[in-house]
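Undergrad: Residue strings, one per chain:
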Amino acid sequence: AAMSRRRLQQLVGSLGRSAKHFNESEVECLIQLFDTLVLKSGNRFAAAGFDRDTFRDALHSAFGMTDDTMLDRVFHTFDRDNDGCINVVEWVEGLSVFLRGTLEERIKYCFEVYDLNGDGFISREEMFQMLKNSLLKQPSEEDPDEGIKDLVDIALKKMDYDHDDKLSFMDFEKAVRDENLLIEAFGPCLPDIK
Amino acid sequence: LFSKTSGRFEDVSESSSETEEDEEQPVCHQEGNTDLLSEYWGIQKLAKYLKGGNPTATVIALCSMRDFNLTQETCQRAIRDIGCLEVLINLLDTEEIRCQIGSLKILKEISQNAAMRHEIADLGGLQIMVKILDSPDKDLKCLAAETIANVARFKQARRTVRQHGGIKRLVKLLEYISVGSTSLTPYQAKDTEIARCGALALWSCSKSTKNKEAIRKAGGIPLLARWLKCSHANILTPVVGTLQECASEPSYRLAIRTEGMIENLVKNLNSEHEELQMHCASAIFKCAEDKETRDLVRQHGGLQPLSVLLGNSENKPLLAAVTGAIWKCAISRENVSKFREYKAIEALVGLLTDQPEEVLVNIVGALGECCQEPINRTIIRKCDGIPPLVKLLTGTDQALLVNVTKAVGACATEPENMMIIDRLDGVRLLWSLLKNPNPDVQASAAWAICPCVENAKDAGEMVRSFVGGLELVVNLLKSKNKEVLASVCAAITNIAKDEENLAVITDHGVVPLLSKLANTNNNKLRRHLAEAISHCCMWGNNRVTFGETKAVAPLVRYLKSNDPSVHRATAQALYQLSEDPSNCITMHENGVVKV
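As they're listed, the protein sequences go chains A and B. In terms of full-length UniProt numbering, the first sequence opens at residue 1 and continues consecutively. In terms of full-length UniProt numbering, the second sequence opens at residue 1 and continues consecutively.
None of these hints come from the bench; they were simulated from the model. Be aware that a few hints might be false.
Stated by the list, open to error - Quick partial rundown of chain B residues pointing at chain A, CB under 7 Å, derived from the structure:
#, residue
1, G52
2, N54
3, T56
4, S64
5, R98
6, G102
7, M419
Unchecked claim - The list that follows gives simulated cross-link-like pairs (lysine to any residue, SDA-like), each with its CA atoms no further than 25 Å apart:
#, chain 1, residue 1, chain 2, residue 2
8, A, K157, B, L36
9, B, K138, A, K157
10, B, K155, B, T71
11, B, K45, A, E179
12, B, K131, B, E73
13, B, K131, A, P191
14, B, K105, A, D178
Glycine included, each C-beta is placed from N, C-alpha and C at the ideal position.
Could you build all of it, start to finish, from the sequences and the hints given here?
TA: Shown next, in the form of structure tokens:
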């Protein structure tokens, strides 16, 4: 069901303020896009939002993102109330960081993506999970897991500043500020400029 | 996989201003040191992820690799031994921006090593980096340009860059605008950074003559001129560096003059960054070959900061550039007056001892030019400049000798100076330089001898005291070099004023030798030859001998020249020769009256 004009105006206004990086006309466009996606979603959530599959398809077609694990995590990060559905506020505010976030905002975002269990740390096991398919060619005699475990070691050596064998937010942030490339250290979760 | 041996020398035959920096890599020594071994294996391990990992794993490995001391030989050997360099370059060829950036950060560091540069170029790295300059990603552009700047430190690399359209693209990087305000927005700061990296790369590339031309054709000059007006030393330095490198080309010197760049170069002489000051002075040094530039330097107040910089004698490259600039600016007499006002002459004399040769050449050159003003010849004497100058006559550097002889000769025009020069045996030293294998030195010495002979007390006696000296001078008439010949004739003119010496050189066969030279179209030679003949007529049968050795007819032809000094000298010579009747007949036969 389409929103009344007045409600739309209010929504645009409030989102324009909370999603700091979009102006009002951009917010309107995003809301339109949202409506399209909701329709695609088959009205499962009664126009309150769209589901995971729709979200992943959208990101795939817009940004060529194909990593399922990552797409899942991005969805999870967008879906702040964790109800399996992206509503319009989550959509616009999420995109604000995703597309135009400052370095600080993006660091927070990526950390949330990588912190699989949400306990404030990226653990060895979580890193292993995310990196487990990252070796395409393996020397045949080696145990494939060994290669991944070594990679996790390398990552920790580089980023674990407080030497507690896991990455806190502070570790992660420091590592990224020192070397910007590490912001997507455990998988592509930001759009590519292409 | 074996890497190619690192014994490569550059071919220095190409451009004039190329000072080849690449040297042979020192031979690797065996390490028994376990620390180094662990570095070696550490890098090998990371290479595994570069070769077999997806972009995520690759980026982690690339970032980790930078924690090694990549300038250390072991690490570099590790990189080469396991074919890691190929992988790094292959990564550049992908569309994965993060991998490209990560790889370039490593390549930028290791390309500071000469052997690595060659490898990178051999593996086709430069072509890919040039392509990357087209990328919309600003960080990528900057890194590619900076790495090109490092790799392009040898000739073939510079050529490769040009052949693949690199120069055009690098010049384009300078188009990222925003000059003007001193505080930049982050956006503008990034653009300035792009221009800075572009300028760095162009600076490296500009050491090749063809690249200087390519930069010009790609419209680089107005862009460089624009950046010259900004105030950030970190971009000014490569911009001025490029300009001074290219200033060996007349087209650049013209542009520097006409696009108002002299003003900015002068302004930056006052920078607090010595490297920038040096490049500005260097640019002025090269451009001041042209008179208009010399005037512009004065008009924009450049002569004073140059004089002041003479006080900074610790920084030798800076001092060389400054003294060079002063030398060339001093070619214009109005500038000489200014230099005197700014006490540059005293400062220059003070620097006459204890400086490296490339600085001395310029100091002495400057002093020589300053002697255009008679008062300066006195100033030089008063601050004890003559002894060190005479001492320099014993050196071996030929460029220096040319300048020293010129300076000493200029000083010798003052009789009081001449006394000192004589006392210090300066004339004998000049005379020995006539034996120097370099014709420029010979000529310069001969020119200097003229005022010495003219102004010395008991000149005739002095000249006679040089054993074999007169014979030496006469024999130089056999030289093939026109400048040498003209200068020797001038010297002979002066020597011949002393009757006894004239007799001696006659005995040595000066007359036929002079006659042999008569058939020339060179006005300078004609004039001095005619003067020499004039003076040599005053002894014995020389007039007749000149006639017999066929000097007369060619001399008549000299009167057709459009040079008044030639006319004057020839007229004198013919007058002297005409005292012999058979010469008159010859002259008449050659239509002298008509002419």
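Undergrad: Taking the hints in turn, state whether each one holds.
TA: Quick rundown of the hints versus the structure:
| no. | hint | result |
| --- | --- | --- |
| 1 | G52 | 4 Å, holds |
| 2 | N54 | 5 Å, holds |
| 3 | T56 | 5 Å, holds |
| 4 | S64 | 5 Å, holds |
| 5 | R98 | 5 Å, holds |
| 6 | G102 | 6 Å, holds |
| 7 | M419 | 72 Å, violated |
| 8 | K157(A) / L36(B) | 19 Å, holds |
| 9 | K138(B) / K157(A) | 29 Å, violated |
| 10 | K155(B) / T71(B) | 22 Å, holds |
| 11 | K45(B) / E179(A) | 21 Å, holds |
| 12 | K131(B) / E73(B) | 29 Å, violated |
| 13 | K131(B) / P191(A) | 23 Å, holds |
| 14 | K105(B) / D178(A) | 13 Å, holds |
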